[in-house]
Every structure is written in structure tokens, then in C-alpha cells.
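Work out the full structure: start from the sequences and follow the hints.
Residue numbers (this note's numbering), protein chains in the order written: chain U, 1 to 170; chain D, 1 to 170.
Errors might be hidden in some of the hints.
[Unchecked claim] Facing chain U, a subset of chain D residues (Cβ under 10 angstroms, in silico): (1) T30; (2) N42; (3) D46; (4) Y47; (5) K83; (6) T87; (7) Q89; (8) N90; (9) Y153.
Just so you know, these hints were derived from the structure itself, not from any lab. Backbone N, C-alpha and C fix where the C-beta goes; we use that ideal spot for every residue, glycine too.
Number of protein chains: 2
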Amino acid sequence: MKKTKTWIITCIYLQLFFVCFGSPCTNPLTDAVNDIEKLVGNLPNDYIMRLKRVPAKDHLAKHCWLYVMVHELSNRLELLVYKFSTTSQNYRILGDLSLIFREIRNCVHLNEQMEFVEEYLDNVSDGEFVPRDFFNSVTSTFDVFKDINNTNYNTTCVVPTSDPELGEYC
Amino acid sequence: MKKTKTWIITCIYLQLFFVCFGSPCTNPLTDAVNDIEKLVGNLPNDYIMRLKRVPAKDHLAKHCWLYVMVHELSNRLELLVYKFSTTSQNYRILGDLSLIFREIRNCVHLNEQMEFVEEYLDNVSDGEFVPRDFFNSVTSTFDVFKDINNTNYNTTCVVPTSDPELGEYC
Chain U
1 MKKTKTWIIT CIYLQLFFVC FGSPCTNPLT DAVNDIEKLV GNLPNDYIMR
51 LKRVPAKDHL AKHCWLYVMV HELSNRLELL VYKFSTTSQN YRILGDLSLI
101 FREIRNCVHL NEQMEFVEEY LDNVSDGEFV PRDFFNSVTS TFDVFKDINN
151 TNYNTTCVVP TSDPELGEYC
Chain D
1 MKKTKTWIIT CIYLQLFFVC FGSPCTNPLT DAVNDIEKLV GNLPNDYIMR
51 LKRVPAKDHL AKHCWLYVMV HELSNRLELL VYKFSTTSQN YRILGDLSLI
101 FREIRNCVHL NEQMEFVEEY LDNVSDGEFV PRDFFNSVTS TFDVFKDINN
151 TNYNTTCVVP TSDPELGEYC
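In C-alpha cells:
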């Protein structure tokens, strides 16, 4: 009888927790991450891919960097996938990676951060990368997501002041 | 007894034929030609590939056009294959296509035509093609090879006179 009561109380607590804070992320990082190497090997190594890469995480809190890169990379992958035949191996892998990014977007409530993300990216220039470097950014983004998943999203992200001469963030 | 004699005579004739004219080509066009569509679909459709394409067959006899394109395409494919990981699907397909070109080179005795081919290509500029157009040239080359295989190689190939202003063949 005492055990049943404890169970009921636990359930009520859990329900209250989810109502207040939203359900925690299930793991969006499917086995598709293991296909990144196959995808890179299956692209010409001199193919030029454009990306607004934010290399230094120093001037941004990790979760703010994550918002920016998840938005940027998911958009680029959505464009990239349509450059392949729908029956190709690369299309399938890119589709699976795009799905991971969509899940992460939901998971970190990216739609609530779009004002910051878009303002930040407005001031970053497109870079040109070969496939290995482009997909290193994908892997780094997944690593940061794993690192801070469900924690450390508590500070507000603010666009740093930019250097008027360079037009880039300092 | 008569049948055996006829067989022996036939064999002697065949042996003499091969000694005098070389063995006819076995078909070098393996099933890999069916993978061209898969390869094209597996390459980004905006990837730029360089090629000295000789579009008009009018000013060259078919077999002379074939010599030029087989040499040019086989060299380009040999360079292209190394842009992919050795374990990738594209590497495998390109390797198989390169093998077909190597067989065709032997088949048409291309090494005996290298003076003409190199002199001809010296006056053709590199063009830039997306994968579908590049591989359309591969398919056209295979088609011409099938069309004239073992026949019509009898005229000598001569580099046409070039227009000194355009620096290209007229």
C-alpha cells in the first residue's frame, strides 16, 4: 500500500515537471552520424561548399554558438540534399542528417532564438569549405549538443558588439 | 573423317587471321555503363568538371573523334577517381569506367595514334561541365565505339587546319 502511494506521488511529480519544463530531449543523434565519413568520401574532395562558420566559441556562450550553427548548418544541408538524385546514397545520408538537425532544432527550442540567430548571422560572411571541413563543423555541432544537452541553456544570448571597420564580431 | 578435316582447316584459318590482324576486341563495355546514372545522381549537380570536349564529329572521321575523346575522357576519369575515398561507391564506379576506357584504348590501338591525338587536343580549350553533361560525353563515346567497333578504322587521322584568329579548328 505504501509502495503504491509512493509511485502515485512520483508520477504526479514527474507530470508536474514535464508540464513546467517541457519533456527532456530524446536522443536525436541517430546512427546517421556514423555515415558522415561515408558521405565525405563519396563527395569530390575539391567540391566547394559555402557556410557561415563561427569558429571561435570564446565570444559566445556554448549554447548560443549551438543555436547559430544548428540554424546555419540545417539550412545548408536542406539546400545540399537537392543537388543529388533522390535515389542516391548521398541523398539518403543527407536526408538522415537533416532529420537530426530538425530534431535538435525542436529540442533546443530554436524557434524562440531566431531573432538572436538571424541578427548574429547577418554579420558573418560566407566561407568556402571542402567537404571534410564542412562536415567537421557538423560533427563539432553534434559534439557541443551532446556536451550541453538539457543543461546550460539558462543565459540569454546577446549579439556581441561588432568592429565597425572589420564588420565582424570581436 | 571429313568433318574433322574441315575443323582442322577452320582452326588453321582462324589462327592465321589472328596472327595477321590481331585478335578482335572482346566487348569492353561491362555492366559498369549501367552505373553511370547512379554516379551522376551521386555527384552534386553543380560540381564543375573540366573537359576538352569535341562536340562536332563533322570535321573529323568518327574513328578519329573516338581516339581524341577516349584519350581525353580516360585521362579525366583517372584524375577524378582520386577525389573520392577508396571505399566509396563513386570510387568503385569510376574505377570500373576507367577500366572500360583502358580496354577501349587497347582495343583501338590508341598508342599508335598519340601523335595525332596530342596535336589535336593542343588546340582545344578546356570547357566546364556539370556532371550530367560530362557523363553524356562518356556515354556518347561508348556509343560511337559500339557503332564502329572493328570497322572503319582504315583512314589516317589528320589534324584539320586551324583558324589562326580563333586558334580553334574550323
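To see whether the hints hold, each was checked on the structure:
{"no.": "1", "hint": "T30", "verdict": "21 angstroms, violated"}
{"no.": "2", "hint": "N42", "verdict": "4 angstroms, holds"}
{"no.": "3", "hint": "D46", "verdict": "6 angstroms, holds"}
{"no.": "4", "hint": "Y47", "verdict": "5 angstroms, holds"}
{"no.": "5", "hint": "K83", "verdict": "4 angstroms, holds"}
{"no.": "6", "hint": "T87", "verdict": "6 angstroms, holds"}
{"no.": "7", "hint": "Q89", "verdict": "6 angstroms, holds"}
{"no.": "8", "hint": "N90", "verdict": "5 angstroms, holds"}
{"no.": "9", "hint": "Y153", "verdict": "35 angstroms, violated"}
Comparing the model with each earlier hint shows violations of hints 1 and 9; every other hint is respected.
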